[in-house]
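Asks: Chains C and W supply the protein sequences, listed in that same order. Be aware that the first sequence starts at 396, since it is given in this note's numbering, and climbs by one per residue. Be aware that the second sequence starts at 12, since it is given in this note's numbering, and climbs by one per residue.
Among these hints, one or two may not hold up.
Unchecked claim - Straight-line C-alpha distance at most 27 Å; calculated DSSO-like pairs for lysine-lysine:
1. Lys438(C) / Lys401(C)
2. Lys76(W) / Lys409(C)
3. Lys62(W) / Lys109(W)
4. Lys489(C) / Lys136(W)
5. Lys226(W) / Lys489(C)
6. Lys413(C) / Lys82(W)
7. Lys443(C) / Lys401(C)
8. Lys443(C) / Lys466(C)
9. Lys62(W) / Lys509(C)
10. Lys413(C) / Lys443(C)
11. Lys525(C) / Lys438(C)
12. Lys400(C) / Lys466(C)
13. Lys489(C) / Lys82(W)
14. Lys109(W) / Lys509(C)
15. Lys440(C) / Lys466(C)
16. Lys109(W) / Lys136(W)
17. Lys76(W) / Lys413(C)
18. Lys400(C) / Lys443(C)
19. Lys438(C) / Lys413(C)
20. Lys409(C) / Lys82(W)
21. Lys76(W) / Lys509(C)
22. Lys409(C) / Lys438(C)
23. Lys136(W) / Lys509(C)
24. Lys226(W) / Lys192(W)
25. Lys82(W) / Lys456(C)
What the hints assert, rightly or not - Examples of chain C residues lying across from chain W (beta carbon under 7 Å, computed):
26. Asp408
27. Phe410
28. Leu411
29. Asn481
30. Glu485
31. Ser486
32. Lys502
33. Ser506
34. Thr508
35. Ile520
36. His521
Hints were generated in silico from the structure; no laboratory data involved. In this text, all values refer to a predicted model and were calculated from it rather than measured experimentally. Positions of the beta carbon are idealized from the N, C-alpha and C atoms, including for glycine.
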Amino acid sequence: MADQKKILIIEDDKFLLKLYSDKLSREGFLVSMAISGEEGLGKVKQEKPDLVLLDVILPQKNGFDILGALKLDPETKDVPVVMLTNLGQESDIKTGLDLGAADYLVKTDFSITKLPEVVRKHIAIHGAAKNPISS
Amino acid sequence: MPDKQLTREETTQRITEVTSVISHQLKTPLAGIKSSLEILLSGDLGEISVKQREYLALALDGSNKMIGLIKNLLDASRIDEGRMQLTSAPTDIGALAKTVVDDLITFAQAKNTTLSITLEENLPKTSVDAVKIHEVISNLVYNAIRYSKGKGTVVVAVRRDGHDILFSCADTGIGIGEGDKNKIFSKFYRSPNVSALAPDGSGLGLYISKAIVEKSGGKIWFESVEGKGSTFSFSLPIQ
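Excised from the complex, chain C in its bound form (with noise of 0.2 Å):
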C-alpha cells in the first residue's frame, strides 16, 4: 500500500507492545517495534516513521531524554510524538508536553481502541502543517 504509514512504537512492556502493535496493524499502519530508549532513537532515525508512540519508563534512556533528542535533532525534530505512558502526574505531561509531545496519553485512562483515531489525528495535523493550503 503506497500511503501506509509508518508507526514506531517505543515500549518496553512486551504485552502492551503486542497490543498496540496489533491494534495498529489490524488498522492498516506498518508498525516497527523498539523495547529500549537506544533501540527507539536509533529506529527514527533509520526508518523515519510518520509516527512515533512512546512511553517513558524505559531501559536505558527514559521517554522524556528519548523526545528531547528528537526534538533538537533536525531530522527527527517534525516527527509527531505521542507519549503513552502510565506516568499521570500534572507535572510528568507538562513535562512531555513542554519538550514538544504532540499528545500525552496515560494508558490506564486511555481506551486502546481509541488508539488508531489519535493517530491518524495527529499524522493528519503534521501533514497539514508541512504542507499549508495556500489561499
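Since the structure of chain C is provided, determine the placement of chain W on it from the hints.
Replies: Chain W alone, transformed into the frame defined by chain C:
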C-alpha cells in the same frame, strides 16, 4: 542480618514507599488487561456472544475498579510523603460541578436517586487545580448517590459566600453515626453502615479530598444525621 527496630515514623514511611512502588508496578499489567478486554468487547477479534459480552464487561468493570484503587493508593502515598502536586489556574467551580452532575446522572437514575444542581450566576473563578477539585467533587457526589437507600435525593449547590466559593452536596442517604464523625476523614476508615451497604470501597476518597481542599487553601466539613442524610461542603478562597 535483621533490620534495626524501626520507629513508628520509619515504618509508616516504608509502608508508603512500598505502596507507591507496588502501585506503579501494578499499573502496567492492569493497562494490558484493560486494553485486552476493550479489544475483545469492541468485536475487533470477531463477534462475541451476549453471555461472553456480559462476562467481559464485568471483567472490565473489575479492572477499572482496580485502576481506581491504585490511583487512590498512589494519591494517598503522595499526600503522606508531602509530594502531592497541584497545578493551579483560574477555575469555574460551578462549571466543574455541572460536569460531575452530568457524568453521574445515569448512575443516579440507576440508583433511583434524583440528582440536581443549583448554581449561583456569575460566580467568580478560583485559582485551583481543576483536575484535583473535579476529583473531590466527583467523590462527594458519587458517595452521596452511592450511600442512598431507596428513593433518594441529592442536591449539589455552588454559591459565593463572602470571600469564598462554597460547594455543598446534600443527600437523604444513610448518614453518619455519632461515633464515626471524628474518623470519617481518616485514611482507610469506613464506617460500619457504609461497609454494610457497599463493601468494596477503599476508605481513601474523603482522606484524599480533605488533603486536596486543604492544600488548595480551603476547608472541608460535613453535617449529618444518621438515617436521615448528610451534607458535605467545602469552601475555596476567591483570589
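Asks: Hint by hint, note whether the structure agrees.
Replies: Hint check:
1. Lys438(C) / Lys401(C): Holds - the C-alpha atoms of Lys401(C) and Lys438(C) are around 12 Å apart, at most 27 Å.
2. Lys76(W) / Lys409(C): holds, 24 Å
3. Lys62(W) / Lys109(W): Judged against 27 Å, a Cα distance of about 36 Å means the pair is violated.
4. Lys489(C) / Lys136(W): holds, 23 Å
5. Lys226(W) / Lys489(C): Since the Cα atoms of Lys226(W) and Lys489(C) sit roughly 20 Å apart, the hinted pair holds (cutoff 27 Å).
6. Lys413(C) / Lys82(W): Since the Cα atoms of Lys413(C) and Lys82(W) sit roughly 25 Å apart, the hinted pair holds (cutoff 27 Å).
7. Lys443(C) / Lys401(C): Holds - the C-alpha atoms of Lys401(C) and Lys443(C) are around 8 Å apart, at most 27 Å.
8. Lys443(C) / Lys466(C): holds, 14 Å
9. Lys62(W) / Lys509(C): holds, 25 Å
10. Lys413(C) / Lys443(C): holds, 21 Å
11. Lys525(C) / Lys438(C): Holds, at roughly 22 Å.
12. Lys400(C) / Lys466(C): Roughly 21 Å separates the two Cα atoms, so the pair holds.
13. Lys489(C) / Lys82(W): holds, 19 Å
14. Lys109(W) / Lys509(C): holds, 26 Å
15. Lys440(C) / Lys466(C): The given pair, whose Cα atoms are some 12 Å apart, holds under the 27 Å limit.
16. Lys109(W) / Lys136(W): holds, 15 Å
17. Lys76(W) / Lys413(C): Holds, at about 24 Å.
18. Lys400(C) / Lys443(C): holds, 11 Å
19. Lys438(C) / Lys413(C): holds, 18 Å
20. Lys409(C) / Lys82(W): holds, 23 Å
21. Lys76(W) / Lys509(C): holds, 20 Å
22. Lys409(C) / Lys438(C): Holds, at about 18 Å.
23. Lys136(W) / Lys509(C): Roughly 33 Å separates the two Cα atoms, so the pair is violated.
24. Lys226(W) / Lys192(W): The given pair, whose Cα atoms are some 22 Å apart, holds under the 27 Å limit.
25. Lys82(W) / Lys456(C): holds, 26 Å
26. Asp408: holds, 5 Å
27. Phe410: holds, 4 Å
28. Leu411: Hint holds; Leu411(C) Cβ to chain W Cβ min 5 Å, cut 7 Å.
29. Asn481: holds, 4 Å
30. Glu485: holds, 4 Å
31. Ser486: holds, 5 Å
32. Lys502: Holds. Min distance 4 Å.
33. Ser506: Result: holds, 6 Å to nearest chain W Cβ.
34. Thr508: Holds, about 5 Å.
35. Ile520: For Ile520(C), the interface hint is violated, since the closest Cβ of chain W sits about 24 Å away, which is over 7 Å.
36. His521: violated, 25 Å
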